[in-house]
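Keeping their order, the protein sequence lines are chains L and B.
For the first sequence, my numbering begins at 1 and goes up steadily by one.
For the second sequence, my numbering begins at 1 and goes up steadily by one.
Hints listed in this document are in silico derivations from the structure and should not be mistaken for laboratory results.
One thing to keep in mind: the hints can contain errors.
What the hints assert, rightly or not - Here are some chain B residues the structure puts well away from chain L; computed CB gaps all over 12 Å:
id : residue
1  : GLY23
2  : ASN82
3  : ALA92
4  : VAL96
5  : GLN227
6  : SER250
What the hints assert, rightly or not - Only part of the chain B face toward chain L is listed, based on derived beta-carbon distances under 8 Å:
id : residue
7  : ASP28
8  : TYR29
9  : PHE218
Just so it is clear, the structure is predicted and the values come from calculations on it, not from any experiment.
All C-beta atoms, glycine included, are put in the ideal place defined by N, C-alpha and C.
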Amino acid sequence: MALKRRIPAVVVGVMAVAAIAVTAASGAVRNDPGVSATTVKIGGTFPLTGVASLYKTIPAAESAYFAYVNDHGGVNGRKIDFTVLDDGYDPSKTVPLDQQLVTSTKVFAVVGSLGTAPGLATWDYLNKNKVPQVLLSTGDSYWGFCATKVCSGSKHPYTSGWQPDYPGEGKLYGKYIAANMPNAKVGVLYQNDAFGKNYLAGLRVGLGAHKSQIVDAESYDATATSVTQQILALKAKGADTFVSFALPTQTITALVTATKVGWAPQAEFIGNVSSNRIFLLAAAANGANIDNAISTTYVASSSSQTSLPGVKLAGSIIDNYAPSLKTSFDQGDANVMYGFGVAWTFVNALQRAGKTPTRAGLMAALHSLNTSKDPFVYPGIVLKTSATDNFPIEQLQLVKWSGGKTGDWVASGKLSSGIR
Amino acid sequence: MTRGLATRLGAIAVVAGLVVLLGATMTDYHRGLGAHVAIYFIAILGLNILIGYTGQISIGHGAFMAIGGYTTALMSNYHHTNLIATLPLAAAISFVCGIAVGIPALRLSGVYLALATFALAVSVPQLPLKWSKWTGGSNGIRTHTTPTNTWIYTVSWICAGLAFVAAWLLLRGRAGRAFRSIRDSELAAASSGVSLPIYKTLAFGVSAAFAGVAGALFVLVTNGYAQPNEFGVTLSLEILIGAAVAGLGSLYGTIAGALFVGLVPQISTSVPLIGTGHGQDVVFGFIVILIMLALPNGVAGLLGRLDSRFKSAIKSHSAAS
């Protein structure tokens with residue numbers, strides 16, 4: 001009897017020791033997924049094909065910057081291995097691709113993924129699995145806080161955005177009009193969804209007591225290619241100031257149509273998702289008068305600020321790592337500088353995420369940004385976040401178009417801070 | 001029991017066994033892919049009833065998937081309906097929409113019907129943008145809970161099994177005979193007393209109901225998130241390609257068609273060089289052309305050929321002995 005009792009005790013003892021040893025051993029070497037002694041694996045989904053493929057220069061610039069960083073020693077001795085997948089802007093494709101990144105590629109973080117809908121389709125999944133979904137390429141307000149029905153009740157601590165949000169930008173235009181053009185009659189073209197409506201709401205907030213200056217607001221559906229009716233309506237209502245919260249295609253069409261129907265507003269405010277220089281040049285080439293265009297920017301211009309160190313650096317990285325981006329870069333494609341700016345922010349956060357980076361460390365680093373050193377953003381912009389503020393960029397520079405068909409954006413006034 | 005039936009039941013048992021076995025052993029990510037295969041299976045099955053058995057072409061089945069998908073998303077979001085309970089509802093609403101489309105389609109045939117259904121594929125996914133107040137517009141709408149990949153894998157394959165049995169029962173009986181007679185000759189069918197309006201619209205309705213269930217599951221596997229971009233024209237074309245690969249007019253190739261459209265685009269992303277951007281499309285297109293050249297009647301045609309060769313081999317063998 002006594003012997004029989006002793007044997008299990010011995011077995012239990014040995015097992016306990018073994019268990020402790022195993023736990024200790026694995027505990028000593030276990031990194032967060034995607035982090036090895038030599039690499040950090042990250043990934044992102046982008047529309048490389050399809051309707052939104054104009055944005056594909058963003059991941060190309062990001063890959064180029066990571067290649068440059070890797071050749072200069074990487075981050076804390078680790079190279080960044082960036083997997084770019086094509087979701088064609090279709091959320092049903094984004095979901096399995098993100099699952100592939102998480103469970104098969106085993107990435108440390110999903111970085112820079114583009115689009116509001118793809119982001120919303122995957123943020124529950126990524127947050128549930130504690131996978132950072134950071135520096136998303138979309139200006140919706142979701143990434144900074146939850147204000148709408150779509151994310152009610154759920155918290156997404158592993159999600160972060162990068163660029164200024166749309167309502168803040170709309171507010172800036174409103175304030176500008178109220179202060180500088182108190183007699184202007186404002187006509188707004190906006191996309192009939194959260195994107196356009198958030199912009200419009202921001203404009204109203206910015207106008208404040210001058211809200212009644214909006215004489216007409218016309219909406220269009222996201223897939224409509226013609227906005228002629230809306231432009232005619234704005235003209236008929238006597239608007240003399242045009243505000244466009246529309247995607248690139250519709251913005252270009254609107255500018256061209258306005259000129260064709262003989263509507264010549266004294267100012268044309270263009271939301272910065274559509275104010276990339278190459279879009280304006282396209283509008284001008286199709287006959288639009290763009291001399292009164294006003295917009296905002298938060299990245300350095302690769303066409304007009306060529307003497308900035310960040311633009312020079314971007315140029316040399318493109319020459320060495322992504323020569324295919326050269327043409328877009330020289331024409332001032334803001335998406336290229338955008339990609340560089342995002343990639344720089346990620347590298348900065350990764351450096352501060354611990355000697356052996358952890359996911360929690362990365363999020364902590366992204367929630368404690370406070371730097372003016374990103375060379376690719378507009379000079380003077382400070383990337384700043386806190387535990388309660390998840391919007392890294394809250395500054396915008398107002399810019400006005402100058403030079404007609406071959407012109408460019410020129411800064412107007414000082415950098416605006418605290419736009420939210 | 002005839003030898004043919006025994007082989008078929010055996011094949012079905014093998015596939016079912018594989019589904020269960022894989023479901024139990026695969027990684028979570030692969031269960032998600034497996035669910036995609038089941039969803040395409042259901043949609044292709046439905047399209048095959050329409051095109052393969054009744055001879056009515058549709059290149060707009062993504063529209064019915066959108067209707068089913070939004071049914072599930074809206075019911076779940078607004079009324080917290082049990083996700084399983086939304087599936088028959090999605091089938092019913094899609095069925096009604098299918099009938100509604102089938103009636104005007106009676107006057108169209110061939111390329112005209114193809115164009116009309118194509119218009120459907122283009123226009124229906126835009127409706128949520130029109131009524132964005134209820135449907136979330138381009139920001140989409142989500143179900144009140146998000147199913148796990150294990151849940152969606154299990155439910156999708158059970159639905160696929162039920163859909164297969166339903167299709168088999170439907171096609172082996174009176175309705176199936178009527179469908180086939182319409183496909184082979186509308187004139188002969190009508191003169192034998194088959195009501196063209198009834199059976200053509202019925203085929204549209206049933207086919208749409210299958211697509212509706214597939215669409216509902218498609219939303220669930222997309223983390224319960226419905227958004228217009230998910231139901232673009234390419235989805236309709238994928239189902240059509242799946243049906244062509246499977247082989248029209250036979251149910252047994254369906255699994256091959258579903259595996260093809262469910263897995264090839266996903267797998268080719270991890271192929272080096274061609275794995276990004278247009279590379280995937282090139283791979284996909286190349287394989288489609290290859291299959292169409294080598295197997296003009298799809299995988300079902302191949303199975304048929306193998307079967308007849310096997311039979312003649314047995315015949316000559318028994319003749320020799």
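Each hint, compared with the structure:
For GLY23 (chain B), the non-interface assignment is confirmed: its Cβ lies about 16 Å from the closest Cβ of chain L, beyond the 12 Å cut-off. The claim that ASN82 (chain B) lies off the interface holds: its Cβ sits roughly 19 Å from the closest Cβ of chain L, which is beyond the 12 Å cut-off. Interface exclusion of ALA92 (chain B) from chain L stands, the closest Cβ pair being 23 Å apart, more than 12 Å. Chain L leaves VAL96 (chain B) outside its interface by the beta-carbon criterion, the shortest separation being 24 Å against a cut-off of 12 Å.
Some Cβ of chain L comes within 12 Å of the Cβ of GLN227 (chain B); the nearest lies about 5 Å off, and the non-interface call is violated. Against chain L, the non-interface label of SER250 (chain B) holds: every CB pair exceeds 12 Å, the least being about 28 Å. Below 8 Å, beta-carbon pairs count as interface contacts, and ASP28 (chain B) has one with chain L at about 6 Å; its hint therefore holds. Below 8 Å, beta-carbon pairs count as interface contacts, and TYR29 (chain B) has one with chain L at about 4 Å; its hint therefore holds.
Satisfaction of the interface hint for PHE218 (chain B) is found here, the shortest Cβ-Cβ separation to chain L being roughly 7 Å, below the 8 Å cut-off.
Going down the numbered hints, you'll see the structure goes against just number 5.
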